[in-house]
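S.K.: Make a model of the complete structure from these sequences and hints.
The primary structure of each chain is shown beneath.
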Amino acid sequence: DGGITQSPKYLFRKEGQNVTLSCEQNLNHDAMYWYRQDPGQGLRLIYYSQIVNDFQKGDIAEGYSVSREKKESFPLTVTSAQKNPTAFYLCASSVTGSLNIQYFGAGTRLSVL
Amino acid sequence: QQQVKQSPQSLIVQKGGISIINCAYENTAFDYFPWYQQFPGKGPALLIAIRPDVSEKKEGRFTISFNKSAKQFSLHIMDSQPGDSATYFCAQHKQGAQKLVFGQGTRLTINP
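Respectively, the protein sequence lines represent chains F and S.
Residue numbering for the first sequence follows this note's numbering, beginning at 1 and increasing consecutively.
Residue numbering for the second sequence follows this note's numbering, beginning at 1 and increasing consecutively.
Since the hints were made in silico from the structure, they are not lab data.
By construction, the Cβ of each residue, glycine as well, lies at the ideal position given by its N, Cα and C atoms.
Certain hints may be false.
Just a sample of chain F residues kept apart from chain S, beta carbon distances all over 10 Å, derived [unchecked claim]:
#1 F12
#2 S65
#3 A81
#4 K83
#5 P85
Pairwise CB distance ranges (calculated) [unchecked claim]:
#6 F:K83 x S:D79: 43 to 49 Å
#7 F:R44 x S:N111: 38 to 44 Å
#8 S:S7 x F:R44: 15 to 21 Å
#9 F:S111 x S:A29: 34 to 40 Å
#10 F:L27 x S:T28: 41 to 47 Å
Residues of chain F placed beyond 12 Å of chain S at every Cβ, according to the derived structure [said to hold, decoys possible]:
#11 L11
#12 N26
#13 N53
#14 T79
#15 N84
#16 N100
#17 Q102
M.R.: Here it is in structure tokens:
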């Protein structure tokens, strides 16, 4: 089945710890995205990548880092600099082109211990 | 930062009724307006989308109405069903950009 796989489904972070969220897609999409979802605030863009080895900051990139070494993979690291990391994190992918139809994974819920 | 203002934040509709969610945008340089549906604990999924050169698009019970002069677009769900209970997001795509701007979301509850 083609799609986007996020893991783990639930993740817990201790104070001062970095954690990495996985996102893998087999849709052969060039572009990938990370969003943060908080209640009442919609989807806020953290980082996005249009091509391997290149990525751009979104609206709330502080305290996060990404890499794009393979077309299929776009991991997100929540660093200790992110003081309020508790949220639902969503990964998406799309083809590049005139429209931007994004397909989403099932999300990772991150909580702080 | 471009914004899409979505309203209402939450909506309760009786089964069989019409659900209406509105979005207003600030910039006219957008070429695509999708709506996403999200069930609890899941990622959003594309529901229906419209280009600004079209005033209305219908897919089954779901209709998007687009008012370019008012810079508004709306989602209408006819004959609303309990299975439609979800959070709905409008979004806009800026011409030439490789990202979407999302509204804040509307939590829709359909009472049986």
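S.K.: Kindly confirm whether 38 to 44 Å is satisfied by the beta carbon distance between F:R44 and S:N111.
M.R.: The hint (38 to 44 Å, Cβ to Cβ) is violated, given that F:R44 and S:N111 are roughly 31 Å apart.
S.K.: May I ask you to test the hint 34 to 40 Å on the CB atoms belonging to F:S111 and S:A29?
M.R.: 39 Å, holds
S.K.: Using Cβ atoms and 10 Å as the threshold, tell me whether F:S65 really stays out of contact range of chain S.
M.R.: 18 Å, holds
S.K.: Lying within 15 to 21 Å: is that true of the beta-carbon distance S:S7 to F:R44?
M.R.: This hint holds: roughly 18 Å between Cβ atoms.
S.K.: Just checking, F:T79 versus chain S, shortest CB gap more than 12 Å?
M.R.: 22 Å, holds
S.K.: Checking the smallest CB distance to chain S, is F:F12 really beyond 10 Å?
M.R.: Label holds. Min Cβ-Cβ 17 Å, cutoff 10 Å.
S.K.: Are F:K83 and S:D79 spaced within 43 to 49 Å by their CB atoms?
M.R.: 46 Å, holds
S.K.: Taking the closest pair, is the beta carbon of F:K83 still more than 10 Å from chain S?
M.R.: At about 21 Å from chain S, F:K83 clears the 10 Å cut-off, so the statement holds.
S.K.: For F:L11, is the shortest CB-to-CB distance to chain S above 12 Å, so the non-interface label stands?
M.R.: 14 Å, holds
S.K.: Does F:N100 clear chain S by more than 12 Å, comparing its Cβ with all Cβ atoms of that chain?
M.R.: 5 Å, violated
S.K.: Far enough from chain S: is every CB of that chain over 12 Å from the CB of F:N84?
M.R.: 18 Å, holds
S.K.: Checking a non-interface call: every C-beta of chain S should be farther than 10 Å from the C-beta of F:P85. Is that right?
M.R.: Holds, since 19 Å exceeds 10 Å.
This entry does not satisfy hints 7, 10, 16, 17, going by the numbered hints stated previously.
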